[in-house]
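As you go down the protein sequences, you meet chains A and B in turn.
Mapping to our numbering: the first sequence position 231 is 614, numbers consecutive.
Mapping to our numbering: the second sequence position 100 is 106, numbers consecutive.
Honestly, I wouldn't trust all of these hints.
[As the list claims (entries may be wrong)] 25 Å max Cα-Cα, derived DMTMM-like pairs, lysine to aspartate or glutamate:
(1) B/302 <-> A/417
(2) B/421 <-> A/506
(3) A/552 <-> B/159
(4) B/66 <-> B/352
[What the hints assert, rightly or not] Derived contacts from chain B toward chain A, CB cut-off under 7 Å, selection only:
(5) 89
(6) 93
(7) 94
(8) 95
(9) 367
(10) 443
(11) 446
Hints listed in this document are in silico derivations from the structure and should not be mistaken for laboratory results.
Predicted, not measured: the structure shown is a model, and the values here were computed from it.
Ideal Cβ placement from N, Cα and C applies to all residues, glycine included.
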Amino acid sequence: MKKHILSCLCILLFTGVITPRKAFAGWPIGKYRDLFVPAFNYFKATDSWDVNGKKIKGAPGTGFESYALNLFEGYGISRRLDFIASLPVVYQTSKYVGGTGKGYGPTDLNMGLSYNLINSNYERFLSVQASAIVPLYNKNNPNSDVGFGSLGSELKFSYSGNIPKRILKGCYFNTEIYYRRYFAGDGPNQYGAFAFLGFILSKSNQITADVTAIKSVSTNREFNANISSIKDFSLIKPSVNFGHRFTRRFSMFVGGYYTVAGRNTAIGYGTNVSGIFHL
Amino acid sequence: MKTYNIFLTFLILFILGASINVRAQDNDDKGTEEEGDVVIKVTPGNKNAIFKGSQGISYKLDVHNMYNEAQEGHFSYLVKTDLGQKVLEQSQDFKISKNTRKSITVKIPPQKAGFYNLSLRFNLTSYDDTLRKVFGVDPETLKSPLSRPADFDEFWSKTRQELAQIPPQYKVTLQKELSDADRKVYLVEMKSYNHLLIRGWLVIPKQSYKQPVHYRLPGYVVGLNPNYDTNHFITFNLNVRGNGNSQDVVNVGTEDYCYNRIQSKETYIYRGVYMDCLRGLDFLYSHPELGIDTSKIYVEGSSQGGTLAVITAAMDKRVKLLAIQVPLYSNFRLDKEIGLKYDAPEFPIKFFTRYINNNNDTSWDKIFDVMDYYDPQNFAPMVSCPVIMGIGLLDKFCPPRCSFSLFNHFASRKKEWFSSPDLTHEVAFEYYMLQNVWLGENFRLVY
Numbered sequence: 384m385k386k387h388i389l390s391c392l393c394i395l396l397f398t399g400v401i402t403p404r405k406a407f408a409g410w411p412i413g414k415y416r417d418l419f420v421p422a423f424n425y426f427k428a429t430d431s432w433d434v435n436g437k438k439i440k441g442a443p444g445t446g447f448e449s450y451a452l453n454l455f456e457g458y459g460i461s462r463r464l465d466f467i468a469s470l471p472v473v474y475q476t477s478k479y480v481g482g483t484g485k486g487y488g489p490t491d492l493n494m495g496l497s498y499n500l501i502n503s504n505y506e507r508f509l510s511v512q513a514s515a516i517v518p519l520y521n522k523n524n525p526n527s528d529v530g531f532g533s534l535g536s537e538l539k540f541s542y543s544g545n546i547p548k549r550i551l552k553g554c555y556f557n558t559e560i561y562y563r564r565y566f567a568g569d570g571p572n573q574y575g576a577f578a579f580l581g582f583i584l585s586k587s588n589q590i591t592a593d594v595t596a597i598k599s600v601s602t603n604r605e606f607n608a609n610i611s612s613i614k615d616f617s618l619i620k621p622s623v624n625f626g627h628r629f630t631r632r633f634s635m636f637v638g639g640y641y642t643v644a645g646r647n648t649a650i651g652y653g654t655n656v657s658g659i660f661h662l
Numbered sequence: 007m008k009t010y011n012i013f014l015t016f017l018i019l020f021i022l023g024a025s026i027n028v029r030a031q032d033n034d035d036k037g038t039e040e041e042g043d044v045v046i047k048v049t050p051g052n053k054n055a056i057f058k059g060s061q062g063i064s065y066k067l068d069v070h071n072m073y074n075e076a077q078e079g080h081f082s083y084l085v086k087t088d089l090g091q092k093v094l095e096q097s098q099d100f101k102i103s104k105n106t107r108k109s110i111t112v113k114i115p116p117q118k119a120g121f122y123n124l125s126l127r128f129n130l131t132s133y134d135d136t137l138r139k140v141f142g143v144d145p146e147t148l149k150s151p152l153s154r155p156a157d158f159d160e161f162w163s164k165t166r167q168e169l170a171q172i173p174p175q176y177k178v179t180l181q182k183e184l185s186d187a188d189r190k191v192y193l194v195e196m197k198s199y200n201h202l203l204i205r206g207w208l209v210i211p212k213q214s215y216k217q218p219v220h221y222r223l224p225g226y227v228v229g230l231n232p233n234y235d236t237n238h239f240i241t242f243n244l245n246v247r248g249n250g251n252s253q254d255v256v257n258v259g260t261e262d263y264c265y266n267r268i269q270s271k272e273t274y275i276y277r278g279v280y281m282d283c284l285r286g287l288d289f290l291y292s293h294p295e296l297g298i299d300t301s302k303i304y305v306e307g308s309s310q311g312g313t314l315a316v317i318t319a320a321m322d323k324r325v326k327l328l329a330i331q332v333p334l335y336s337n338f339r340l341d342k343e344i345g346l347k348y349d350a351p352e353f354p355i356k357f358f359t360r361y362i363n364n365n366n367d368t369s370w371d372k373i374f375d376v377m378d379y380y381d382p383q384n385f386a387p388m389v390s391c392p393v394i395m396g397i398g399l400l401d402k403f404c405p406p407r408c409s410f411s412l413f414n415h416f417a418s419r420k421k422e423w424f425s426s427p428d429l430t431h432e433v434a435f436e437y438y439m440l441q442n443v444w445l446g447e448n449f450r451l452v453y
């Protein structure tokens, strides 16, 4: 069950990082423009997959629940170069056989630069992003043990833009692949991928669908009393969202997701609400 | 869970995404020449065919022989300046087997600043053709003398004073049949220079906030209609005298327009035309109640419209941004020199040549005496707002060197250009996407 909790933490962490990205689907933010995306995320899980990917039913009365607020800020330094920063703050509770636990506070600050390598007619963009991961919590405090507690870095490539009308009218896409390395001796090394499709329904409304895959690899595969040191897992999480544009400077997305496959992680569902402010 | 298979799937998705781009580029490719059964794709070493003086110039030619027989003969290329002076000529034997492809790389040594005509000739067994390209070298360093008459400022100051004496008598009429749920369309009428009535189309998207304005000016004797292309701007398309629905008094043919009443600088048609553009701007600034954000008005035009946009931004500092494509009449004296080197003169030099030939009492010098007051290059130092310019390198109406003569005289601190190497009197779609990005940056817009 402790593994279960860890997995949920990991899900939360990744969800927090990824959610704002889909809001603007990887486009360069634009010179001098500001993008601020607060996102709220709720996640609940009772069952899990074991280390072999076998589904394990959770014991009655056990489970995991979390609330997270992620604050994303992006600023267009130039036509090609963006500054990005993301800060998730979580509150989580867990119930397992023989006890309960909770953790709260800021997790890992992700901060870096995104550079547009190639654009095609200013409609499709290939970008690279490099960022640093800085833990903002004291891992020795049991109430704020909400991550791996080590510095890290991330390198991400994204390709995004409008889908040509002759292929799919009124749609846009984003694909990302990334590598994340935590600098502790046992990592983990994480490999991620993200595919996103947005369908424009009308001038103000759209629906989006995406799928996230994460594989976290570490030599440390053993269970540890300190759950945040368990670093080896994988998961796949599809998501569906509805977006509405209230004004040209403010939009909201509401959606849900479910972990459909995984290893050493939780089976859970969640919902998220995000606001997109173009300042 | 077969994790690696899943990641492989994502990688394929990523590559597929990238291939959308490649396919789109292939389908949009304007560099493919199809002549007979030999297809030749010409790709400049730099995508925009603009090179630095310190670097060599290169082109890659992909030759596809679609004949069922080998092609044999010569391939040669000739480089000339835009004034027809030979720079380089090379020839080599060329052979290609039937139904095969072959690549050739053309390397031209570094050249001094300017624009150059490149002719690529194939004289083969069953195929004989010449492909024409133009490349530029360090165009931003090109110098061109202004031809401003001594009383240039005085002339235009007096003309503006005359315009100011004419009450505009604005009339704004809602056009219900042209409006829809998302926007209202208005016919705008006003009195301009010499009391002529001119008209324009104002399209106002239904928004709750003040909106930036796209003020568009017309090409050569081109009638502008309401612009429905955007919901992000109020659009105002003005038809200057003799264009579109502003032909009540001035209604001359396409050929006559450019030299209409050119006998003196006081009577030349463009005196009133230039004032029409300023009057249109006056209209926008005097009607904020229509939802116009008067702090965000940009003026834009193509060909003659580009020139009119330059003049408007030069004479009225209220213009915040200037966007032009293939501006007509730029460095008109050089335009004439280049134009007369073509095998057959093209517009507008062709029309002026005919006019001179048909009128014994005129000459190029007399034309220049008037055109010097109207050459947009002579207005360029008065432009201080951000500028974006698009050109087509194969343009014979507005030769690229003439456009850069204009561009290099802009006093603007922020100015940029875009080159379409395979287009003539037009710019590529990509330019307009860039222009949108540029507008967004300068007006801090959210689309």
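Check the structure against each numbered hint from earlier and tell me which ones fail, lowest number first. 3, 4, 5, 6, 7, 8 and 9
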